[in-house]
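Colleague: If you read the protein sequences in the order shown, they are chains A and B.
Mapping to the UniProt record's numbering: the first sequence position 186 is 186, numbers consecutive.
Mapping to the UniProt record's numbering: the second sequence position 224 is 224, numbers consecutive.
Among the hints, a few may not be true.
Identical chains blur together in the list; that is why a pair holds if it fits in one copy or across any two.
[Unchecked claim] Quick list of in silico lysine-lysine cross-link-like pairs, DSBU-like style, CA-CA up to 30 angstroms:
hint: 1; residue 1: Lys366; residue 2: Lys121
hint: 2; residue 1: Lys366; residue 2: Lys299
hint: 3; residue 1: Lys105; residue 2: Lys365
hint: 4; residue 1: Lys161; residue 2: Lys40
hint: 5; residue 1: Lys365; residue 2: Lys161
hint: 6; residue 1: Lys360; residue 2: Lys299
No lab work stands behind these hints: they were computed from the structure.
Protein chains: 2
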Amino acid sequence: MAENQPFSLRQSSISRQELVELVRSQLEALLQQGNFPGAKALLVPVQPADIAEAIEGLPKAMQAIAFRLLSKQEAIEVYEYLDPSVQQSLITELRDQEVLDIVDKMSPDDRVRLFDELPAKVVRQLLQQLSPSEREATSLLLGYKVGTAGRIMTTEYLAVKEDLTVSQTIERVRVLANTSEIIYYLYVTDRERRLTGIVSFRDLVIASSEQRLSEIMTRDVIFVHTDTDQEEVAQIIQRYDLVAVPVVDTENRLVGIVTVDDVLDIVEQEATEDIYALGGVEAGDDNYFQKNIFTAARKRVVWLFVLLLANTGTTAVISAQENVLEQVVALAAFIPLLIDAGGNVGAQSSTVVIRGLNLKTVGIKKALQVITKETLTGVLLGVMLGIAVIFWAYFLEGSLPIALTVGISLMAIAILAAVSGSGLPFLFGALGLDPALMSAPFITSVVDVLGVFIYLTLARTILQL
Amino acid sequence: MAENQPFSLRQSSISRQELVELVRSQLEALLQQGNFPGAKALLVPVQPADIAEAIEGLPKAMQAIAFRLLSKQEAIEVYEYLDPSVQQSLITELRDQEVLDIVDKMSPDDRVRLFDELPAKVVRQLLQQLSPSEREATSLLLGYKVGTAGRIMTTEYLAVKEDLTVSQTIERVRVLANTSEIIYYLYVTDRERRLTGIVSFRDLVIASSEQRLSEIMTRDVIFVHTDTDQEEVAQIIQRYDLVAVPVVDTENRLVGIVTVDDVLDIVEQEATEDIYALGGVEAGDDNYFQKNIFTAARKRVVWLFVLLLANTGTTAVISAQENVLEQVVALAAFIPLLIDAGGNVGAQSSTVVIRGLNLKTVGIKKALQVITKETLTGVLLGVMLGIAVIFWAYFLEGSLPIALTVGISLMAIAILAAVSGSGLPFLFGALGLDPALMSAPFITSVVDVLGVFIYLTLARTILQL
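Just chain A, same shape as in the assembly (with noise of 0.2 angstroms):
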């Protein structure tokens, strides 16, 4: 079977990444020449997904002409993986039917998903021109909130109902297996649509052909509600390791279901999002190149001005003891230390309850506890950074009080860090702000004005100015 497959992860030990730009290099020379069979034959053999991806990676004009050398099957699939963005300027450069074609096609999740990026009298013009079931199907889930089980479900599943027998249910799945995108489950309901068991495939080869779905069903069903959030639909699903998740409305009706597939996709997102949040970057899901560095600015600049106001209070405070700094000088160099190591210790701290809200392994009732232990590891911290920076100071600057003030006062700051660190983000969590956004600016003010002010008091003590 390797032989027509030269393109095949089978073949050799090549990456994927690899294969793609492979693929997408000599693609682009045969289109170059003109050698359009050639490319057709080159593509045969590849993934659906890889030559989403070799498209993405051809100069803007090719992309169309590489598009139009798919077989239509293909291409619905390999338009269902690309980029929103390319989407977008393939559906302006194909012909009105050749869109049309695609469009009507496309599972209606992965359509929804479409027609968020296009401009709104674009969408309007396709859904009118779409067959009126794929156009019902569509309206359904765009009428749904943005990050809902609703939003993201697709309509494409097989329900039926519980008086058919094996052979029954087996005659109608032949009849409709190619319009469903995946059918691991086949779901069961009564006359009012209402869901009242799930099948799996592997359950209906095991029974015998004269049982009814209603004796071989599984009853015990998870489910989730057309408004249940998209974060918390990927958690059930993980929870409860399933492959799909069957949605209902208000009143108990199946409506969707939501696949493992976009779930992955889901839990990556909003790792992102995190990830972007405690790095101070206003998410979006949008490709890293596409976005201009204005856009890419705006991202940034609001959390930037927000810890500018946050260090007046430092400046504040230094202003106010100029004095001591003006007797000892080098007290200013360790400045920047402190400061690092507060932000650090606070981060660290920070991280970790961040994340374990997050992913819920850590809940707001534990906030004691977890505040308690995060302290106690902030004062072990502490104790060790503090006597290491005492020699360290010392050797610098050669003054053991100024070694002293220094030592301690990391003490204090990584103690405060730690509590800072671990108690604002629970604070955020219950006043229903994202903790994961709120707390760096906040932490990072804390510790440096009081970190500053322990700093600079401890040094007109010890140094007895």
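With chain A held as given, fit chain B onto it using these hints.
Modeller: The following block gives chain B in isolation, referenced to the frame of chain A:
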């Protein structure tokens, strides 16, 4: 169907967390009263994953008692969902035969995950007592390196020969159905056990009974090798929207499958590792509440000491230019602002680049393009912040030369931070080091040392000291 499900999600709109807490508290009360039949009845309608979490929340002494209330089949399912530390403590609590019953019936991948946590002596003892086939499966998995496909795969799949007819295959499936964990696909192999295709249950249902598997199977199978990194396995499953991916050895013989539910855990675990690394915390997949403060401190202190060393440069720069500060001590008040702003602009750039590198959306080839873009963003941010800071510092200190010094330094520092924040992750990536772990201390050092140097040098020029 809702009547006998007092604790199912179906009944009401309580969240899973509330459900688990309700079950836990009721269970604890019933066990304290010695009402075992009541406790048993309570657990009947609850999902295994939820029972596991409720048991984890019980006082240690009660965990084994609660666990004994479960039916044999349920006990195995619940056990697989328990936290490794609770699994471990149950092993010591339960009688040898009970332990053996459970461990022998676990799926090989879950069993290996348990064995990874148990003391070597206990593992050896348990391995000897397993049934021969289970022992073989477990030893096979234990032979592969942690973090590879071989280690996370399960050996519970159904392999069939390609000359079987559909009806013969269905017969085989009926006989073997209960021995396999999940079976969405059948794996077709040749006489040498080499993987030649896959057949889904849906294909089986649709095909006519006399067709041979070789006629209906999909030949272009995506698979991984036993030594493929688990992160790559996750990416492949995600990229090609798979439910399970087959694992082959060096001779292309099928040895196991990795299922999507394990991959979800991996995606989440990798995200946690990245987040921890960015926050300066060494990752560990253990439960937060299990770790004592010494372990927690050990996972953080190294990073802090690296930072301490890095700060030597900053301290040296300030000490060397002490005379500048001596003359205009007000300059010291702005050091925290400059340090914080530089750190944050650097963190923003590095966050975006590191996440992109880890998700493979930003390749090392595009380094120059990314660094250029980040630098321009840094210029933009620097100009905006710098101008704001000139007004702000003038308002605070009333001296235009000082305000100009601070503002211009901030511009320079923002640019510097953007360059090092975007460049260093690529450098570490190219050197084969983990950018998430390495970048922060180095960015801090570069920005602090050069930033303070620029600031004091600029002050000397502008203030004509």
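Colleague: Give a verdict on every hint.
Modeller: Status of each hint after checking the structure:
When the C-alpha separation of Lys366 and Lys121 is checked against a cutoff of 30 angstroms, the pair qualifies neither within a copy, at 50 angstroms, nor between copies, at 35 angstroms. For the identical chains of this complex, Lys366 and Lys299 are inter-copy neighbours only, at 22 angstroms across copies versus 33 angstroms inside a copy, given an alpha-carbon limit of 30 angstroms. Proximity of Lys105 and Lys365 under a CA criterion of 30 angstroms is satisfied in neither setting, with 49 angstroms inside one chain copy and 36 angstroms between copies. Taking identical chains as interchangeable, the C-alpha atoms of Lys161 and Lys40 are never at most 30 angstroms apart, the minima being 45 angstroms within one chain and 33 angstroms between chains.
In this assembly of identical chains, the alpha carbons of Lys365 and Lys161 never lie at most 30 angstroms apart, being 45 angstroms within a copy and 55 angstroms across copies at closest. For the identical chains of this complex, Lys360 and Lys299 are neighbours both inside a copy (27 angstroms) and across copies (22 angstroms), given an alpha-carbon limit of 30 angstroms.
When held up to the earlier numbered hints, the structure conflicts with 1, 3, 4, 5 and fits the remainder.
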